[in-house]
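*Asks:* The lines below spell out each chain.
There are 2 protein chains.
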Amino acid sequence: MISNFFSSNTKRLFKYSKKYQKKVRNIFAFFLSVEILLLIQPFVLRYLIDDVMMQSNFSLLLPIIMLYLLLVIGHITLNFFANYYIMSYGADVIKNEQLILYEKLQKAPPIFLNFKIGDILARLTSDLEYISNFLVMTKPSIIINIIQFGRVSLILFLFNWPLALLTYATIPIYFWILKHFKTKLMETSKEERKGYSKVMESLREKIENVNTIKLYKKEEFFQQKLKVEIKEWSENKKQYVWSEVSLNRGLIFISAIMTPIILGFGGYMVMKGILTLGTLIAFLGVSQGLYGPLNLISGQLATLQQADTLSQRFFEIFDLPEEESEGIYSLPKNYD
Amino acid sequence: MISNFFSSNTKRLFKYSKKYQKKVRNIFAFFLSVEILLLIQPFVLRYLIDDVMMQSNFSLLLPIIMLYLLLVIGHITLNFFANYYIMSYGADVIKNEQLILYEKLQKAPPIFLNFKIGDILARLTSDLEYISNFLVMTKPSIIINIIQFGRVSLILFLFNWPLALLTYATIPIYFWILKHFKTKLMETSKEERKGYSKVMESLREKIENVNTIKLYKKEEFFQQKLKVEIKEWSENKKQYVWSEVSLNRGLIFISAIMTPIILGFGGYMVMKGILTLGTLIAFLGVSQGLYGPLNLISGQLATLQQADTLSQRFFEIFDLPEEESEGIYSLPKNYD
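Quick mapping for you: the protein sequence lines, in order, are chains B and A.
Going by our numbering, the first residue of the first sequence is number -7, and it counts up by one from there.
Going by our numbering, the first residue of the second sequence is number -7, and it counts up by one from there.
Because the hints were derived from the structure by calculation, they are not lab data.
Any given hint could be a false lead.
[As the list claims (entries may be wrong)] Listed below are several chain A residues computed to face chain B (Cβ distance under 8 angstroms; list not exhaustive): (1) M45; (2) I57; (3) L97; (4) T251.
[Unchecked claim] Simulated restraints, written as ranges between beta carbons of each label pair: (5) A:G142 with B:E224: 37 to 43 angstroms; (6) B:S0 with A:E212: 30 to 36 angstroms; (7) B:D111 with A:I65: 50 to 56 angstroms.
We put the beta carbon where it would ideally sit given N, CA and C, even for glycine.
Only chain B is shown next, with the shape it has when bound in the complex (with noise of 0.2 angstroms):
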């Protein structure tokens, strides 16, 4: 499937990924800890409810609350410096492929220097911050989020399945939301771009000629015809607004409904002795957080897609060759 999806300029890209993978390894297990954190956190909050409120256990409030601070705090510590030293990281890596990329330059003899000067600076500036995202971020992400779905289910499973597979019920509504809409944003975004530049064209030309216009007496003639231009760029971005609007909506709809639901299902369980009531507190706390992660890997998976033309322009640069002294030039070492 991979094979298919990523064009071989993406598959190269991953390959010299590998380079930066030792540091990414660190952030990653900074990542893990935050997630065994978060793992423990509602079972901690499920004791806290029906073990000793329920219980009026006043021996272990205090060492319980304790835990569950420390747990918040270690979480919030972790994931601050997790994602410091990720997007420090991607500094360290676009300063590392200018260098490379400007040596390439300074060593490729002249012949194959054909490019414009605006489009080498663009390809070692705006382009490598795009590219050092592919390289250190894109993939720990992907597994992360994988990975927080992963614990997410875990916990929903284990304090009650049939609580769990009712959740999971909503999982394609959700994604056909995501993907119904964001279709329909990303038609109704063009055709607003293109109403727009078509105000852009039309105000540019009248107000250039706005003295010939007036000379002739056309004023209520152009003003009309801007008038008809408008209003269609307005319907369009209403168009626009309106996708926007159903996607975010949309999205919390799903798990913002959930929750009288999972309380009415969980309610008569709890009524009926089946289920504790720290559970369905516990449980409830969870389950908003199965649509984060599922938000987030589509969006990844859609950028992924540009990584194509983004790591064509790389390796055309960095694929140049070398000007020898004998004045041979050699073919790039990783020429395929």
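With chain B fixed as given, assemble chain A onto it according to the hints.
*Replies:* For chain A alone, kept in the frame of chain B given last:
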């Protein structure tokens, strides 16, 4: 206070926004209804836990869950339309103002048209996107956020005032983090941008003159120079990343540690019989909504400070005198 905070241009823009007051008021009604539904929700949750689940009151479960579901569906639906209307209304405002400014330009005598074409186009397009925000969104959104903050505070104090005071005690810390790290973020971002342009300029210079560099065999020298500059930029970027992560994680930290703290003090009260478990759970959910409005209000006030330049640029075209048929220029109608 307000008169000192805003420039005369901004104040004039607010006065000008009165022409859109009626529709904005309708959108406002939507948002207010959302607030009312959100005000009821935690009381339903409390009733559900305390009087339905804890009392095993089977006959009440279905009606209460239905009510809860209705409240959730109602609030998301209203929120959907409120968001759609305010954004689509923004598109209408751009349309209107674009036509008004174009008419002004067409009517102005040529002698007054000493703007550059590109500048006029920017004022009629990207400037107007911001202006339309100020005209229809800024004021309502500040007011709605204040109402939201009021709603959350009201619920918290009605549920349990000592716990509410405890939650309020974190607000100064929240604001300190917000102010301190936002200032740092702006400073480090400026440095990062400076470092970036330096690298960009250095790359341009070296790539343009790569043949000269080679001719004099200065490759090693220029590569070292570039390395120093890129390293400096990379350091700036890391400082920027540090402030950004500190700001985000700091704000999350405050709201995250409140959960165990509220559970600790609230749990003690539950065990003493002063507080019901349902109140504590509902309190916990609502308390998380205290920080969002604070963050948004402070953000919006910051944006308002950019309104000065934008409104000045807007009124410069709006105030252009009209060319009269007799060849005498009238003063603009709303000339101060």
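*Asks:* The structure should be examined with respect to each hint, and the outcome stated for every one.
*Replies:* Here is how each hint holds up against the structure:
1. With a cut of 8 angstroms, the hint placing M45 (chain A) at the interface with chain B holds, because the nearest CB-to-CB distance is about 5 angstroms.
2. Nearest Cβ of chain B to the Cβ of I57 (chain A): about 4 angstroms, under the 8 angstroms cut. The hint holds.
3. Hint status for L97 (chain A): holds, given a least beta-carbon distance of 6 angstroms to chain B, under 8 angstroms.
4. Residue-level restraint check for T251 (chain A) holds (minimum Cβ-Cβ distance to chain B is 7 angstroms; threshold 8 angstroms).
5. Checked against the given bound of 37 to 43 angstroms, the beta carbons of G142 (chain A) and E224 (chain B), roughly 42 angstroms apart, stay inside it.
6. Range check, S0 (chain B) to E212 (chain A): about 35 angstroms between beta-carbon atoms, so the 30 to 36 angstroms window is met.
7. Hint check: D111 (chain B) to I65 (chain A), Cβ distance near 52 angstroms, so the stated range 50 to 56 angstroms holds.
Checked against the numbered hints above, the structure breaks none of them.
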